[in-house]
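> Given next are the chains, with one letter for each unit.
There are 2 protein chains.
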Amino acid sequence: MESDFGIARELSDLQKLRALYQPELPPCLEGTTVRVEFGDTTTAADPRGAHTIGRSFPHTYGQPLAHFLRATAKVPDAQIITEHPPIRVGLVFCGRQSPGGHNVIWGLYNALKVHNPNSTLLGFLGGSEGLFAQKTLEITDDIFSTYKNQGGYDLLGRTKDQIRTTEQVNAAMAACKALKLDGLVVIGGVTSNTDAAQLAETFAEAKCQTKVVGVPVTLNGDLKNQFVETNVGFDTICKVNSQLISNVCTDALSAEKYYYFIRLMGRKASHVALECTLQSHPNMVVLGEEVAASKLTLFDITKQICDAVQARAEQDKYHGVILLPEGLIESIPEVYALLQEIHGLLRQGVSVDSISSQLSPWASALFEFLPPFIRKQLLLYPESDDSAQLSQIETEKLLAHLVEAEINRRLKEGTYKGKKFNAICHFFGYQARGSLPSKFDCDYAYVLGHICYHILAAGLNGYMATVTNLKSPVNKWKCGAAPITAMMTVKRYGRGPGTLSLGKPALHPATVDLKGKAYELLRQNATKFLMDDIYRNPGPLQFDGPGADAKAVTLCVEDQDYMGRIKQLQEYLDKVRTIVKPGCSQDVLKAALSAMSSVTDILSVISTPSNSGNTPF
Amino acid sequence: MESDFGIARELSDLQKLRALYQPELPPCLEGTTVRVEFGDTTTAADPRGAHTIGRSFPHTYGQPLAHFLRATAKVPDAQIITEHPPIRVGLVFCGRQSPGGHNVIWGLYNALKVHNPNSTLLGFLGGSEGLFAQKTLEITDDIFSTYKNQGGYDLLGRTKDQIRTTEQVNAAMAACKALKLDGLVVIGGVTSNTDAAQLAETFAEAKCQTKVVGVPVTLNGDLKNQFVETNVGFDTICKVNSQLISNVCTDALSAEKYYYFIRLMGRKASHVALECTLQSHPNMVVLGEEVAASKLTLFDITKQICDAVQARAEQDKYHGVILLPEGLIESIPEVYALLQEIHGLLRQGVSVDSISSQLSPWASALFEFLPPFIRKQLLLYPESDDSAQLSQIETEKLLAHLVEAEINRRLKEGTYKGKKFNAICHFFGYQARGSLPSKFDCDYAYVLGHICYHILAAGLNGYMATVTNLKSPVNKWKCGAAPITAMMTVKRYGRGPGTLSLGKPALHPATVDLKGKAYELLRQNATKFLMDDIYRNPGPLQFDGPGADAKAVTLCVEDQDYMGRIKQLQEYLDKVRTIVKPGCSQDVLKAALSAMSSVTDILSVISTPSNSGNTPF
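Top line first, the protein sequences correspond to chains A and B.
Number 617 marks the last residue of the first sequence (the numbering used here); no jumps.
Number 1617 marks the last residue of the second sequence (the numbering used here); no jumps.
The set of hints was computed from the structure by calculation and includes no laboratory data.
Because the structure is a prediction, the values reported are computed rather than measured.
Zero decoy hints are in this set.
Pair ranges (Cβ atoms, derived):
no.: 1; chain 1: A; residue 1: Q304; chain 2: B; residue 2: E1167; range: 38 to 44 Å
no.: 2; chain 1: B; residue 1: L1346; chain 2: A; residue 2: P333; range: 39 to 45 Å
no.: 3; chain 1: A; residue 1: E10; chain 2: B; residue 2: D1574; range: 43 to 49 Å
no.: 4; chain 1: B; residue 1: T1140; chain 2: A; residue 2: K517; range: 38 to 44 Å
Which bits of chain B does chain A cover? Going by a derived footprint, with three or more residues having C-beta under 8 Å, they are:
no.: 5; segment: 1240-1247
no.: 6; segment: 1431-1445
A short list of chain A residues far from chain B (calculated; beta carbon distances all over 10 Å):
no.: 7; residue: T82
no.: 8; residue: I87
no.: 9; residue: T165
no.: 10; residue: A171
no.: 11; residue: A174
no.: 12; residue: A178
no.: 13; residue: S294
no.: 14; residue: A308
no.: 15; residue: L359
no.: 16; residue: I566
no.: 17; residue: Q570
no.: 18; residue: K575
Even for Gly, the Cβ is constructed at its ideal location relative to N, Cα and C.
Modelling step: build the complete structure from the supplied sequences, incorporating the hints.
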């Protein structure tokens, strides 16, 4: 099949139009005289992990932030990189495909060629397997022409998700050396960017000349931290799913007799479910983070939904739409514990048929309580990241089943007096992943691709390309790079066999912040959503006219531009230094000392690690 | 819940833009001086049924076709209806919601008000139940403003699908009389339009003044005959589904390790599956009509798919996309027979648990062979139209299961040498039904709404509104009306308990014509689709730019404009009459007689009913 990669193909009329779309560049990346300004050296967000991270990444931890500025920017310390020798860059798709991935290639390719037409971009064919096997496709204008602004990862393909074992890392290094790569760009999510950081460290240690750059591309939207506001693909996925959810809402309201249970993508975190709820206003959403935080059992969740159904029945409403993230099932404490037991037994080689007899008494009781179809799905072998095969576990059917049983019980008992409860279940997973990317994802990915070039031109290693202030128009976007190690945390408690890797620094999926503004917006509206059917239909993904420039609600309500604000702080400090120069008056010095002493006191107190165990973001 | 009908609501930006869209009218419907030309009296397409239909519909069978022409059209016999007294019209949504239904209301409302501002349009709330209970909502500009060009049936809602029993028909008549309706417009598919014809006949018999008009609105696209080229909703459904299928194709090509089995809507006929295949070029489609025509068993279908998987594996391809219509399961002869036995037992009141023990030996053998999840689904009580609960039967999972088992067998045997077979299943049903309607469906529905008015203004009863030449731009569309009875056929062999209604004339779902041009196009491309992955991505439904004006492939390849061609024939006949007037030369008369004798001979031969049992279209 590899021989087919990169072949030209027939595009539909709309695809052709999209292929003609030229994403804009923010002013700072225009032309060939981009300035780089280095900020302060970075630390890890979780100060408790900083020492461990520093020890694990001696060559790449603690590097400064980098900001890319336009040539005319008035920043004294910024430097213009004037030399642009031809360079060779490799690029690999890691992990699940995400709409917009192709545009990272395009942006990087254009930036390479603008700065030196003799530079080379090699795509690895078939993902990390292609990297290990040194199978490449040289990107050319011709090859790329039918992939501009198009979905999927089919220009290069992808296979396994990991570059982690010593064997894999060595194979990657051998490939980079054999192909004489100056840079390797890794496109992926949390896992792949952790791998990229590890590769960068290993390469630096081994004095391999290849610099490694990561790009945040994952439709789950869970690679989120101070430096990274959102991920390529998330916007498209939420828009396509919100369209479908809205269609189902309209359907529910037309027939008025079904409850739709819809399972959405989102494994460790419920970002997609939250965003889709804010876009399409279904009646209810059950976020994994809420369930985990409140330690809700399967029975609690069932009861919550039944109470909602009952409250609506009292208003003579017998329809509704309820969203669930696929990771929900692992957030339910007792189901998680059951899964852990099952996975443990599977890893010991216990056959599927004998597992139920070897469970602990309480796990066995829960297992036997569950309907047969779910039992079968829970018995599937866990994935490489130790989680259950979440796309295969029909949590929506389980909950629909439990709710129906409970409503029937209440009906018999006389506490529920409404009509029969009818549920229809859906899983909205794979049908969105291959979508044409939204304008936002096209632009964001293209700009990130450009930044990859500037990171390599600046000779940086182990950085992730970043764009901040994304809720503003492209001409206000701020471009930079942050060491991946600065985004790492150290997990204190491992999961199952993950205890082996206890204390290993890594990027971890950011979960929905239950104290954040997006969640607050959901809570404020939850009752209206539940009772008033204020369904909102953003419609199918548009590329022109209203809606085409819409951005994710969660992106727009959250505080943003951490990178910009870090720069702003630097400017304040510089200003103090300029005003309080030796020779200034005693009064000025006194005022400065008093004010700064107060500031440092406050900051010391609030940034001391607490023992409450809160994750920092 | 009824109190919520027709309330204004928040629209998204895209919905607002769509609400501003004003569908065009073909020139023949512009202004208030539309001419009506009556064509020849109609017969039924199946001459064998004509007598039965005529006997069942003495008042409404054999009425002429009606063509609506512009005031300036040079047609001698056409009449302009000059009187437009205020009239009262009721409108009811019947059956499953279909995108565009709202625009029929809008078109009718505008036509009513243009001709007489004192006319009244009443919508029945909650479908046929609302008709029986005389629950209405008067349509006003204000009420309709947020429903223009919007999906769903939520302005009025819908409930039961039938107006058929004596009690129901009487309730409908009582409503029409009580509300002093001049017209009743029934919006729906095959079943609802049959009911409309029956109502029209009953009303005429009872001298009820209300005229009944049907409108072909059904997303299945199976209300198709000489007069009706396509149905409102079909275009949108196929576009939304093709978008999702294309996304899945891109996904398959990116990961190269999954076969996707996708079940689509389409109960008695596979029009949606055929159209989506022609739009998005998946690897394979299994049409119910092919299976029925070739009497393929479950094992034959499994083998066909396995052979395809094997052929692709030989080219190192381990991914693919396979479409199935939801009605497929009933097309498989042995499964159909099993379902008939099960439904018979269910109707006799046999409990679900005892059914398997009461099946005939061979049916029992098949039943026990099937995996448990399918057994449970086959045991569901049949729907009101005697078909199985097709939306609940996961045919895609059954076939994926059987294909996997067979591939594993071949692997063991050594005949299949490829990698492991992995299947992922999807049902694309409800997520398209509530979509914003495509431009085509907005226009088509709006024009049909206008035609309803002209049918009523001409005093016609038992007609369906028709638009032909739909593949051309709106300004070439031809508007008319045909008696519903002319579209009826008489089924010779009843199904199960349907034998009671043996010989009762009705509209029947048109199945995919295996000799038609659309199917031929599929066959010509089947091998390329299967082997070459020439996936085509029409992209999400657009309302502007490329793709926004795309029409269904099946609509564009089929012969069209039957109504137009019938008119053309009339013109030829008139011309002959004009040329061969008394007083013409002997030679002219001789030539005319000779030619006409030959024409009539040929036509007599080819229009004599054959006994081969072919359905006429």
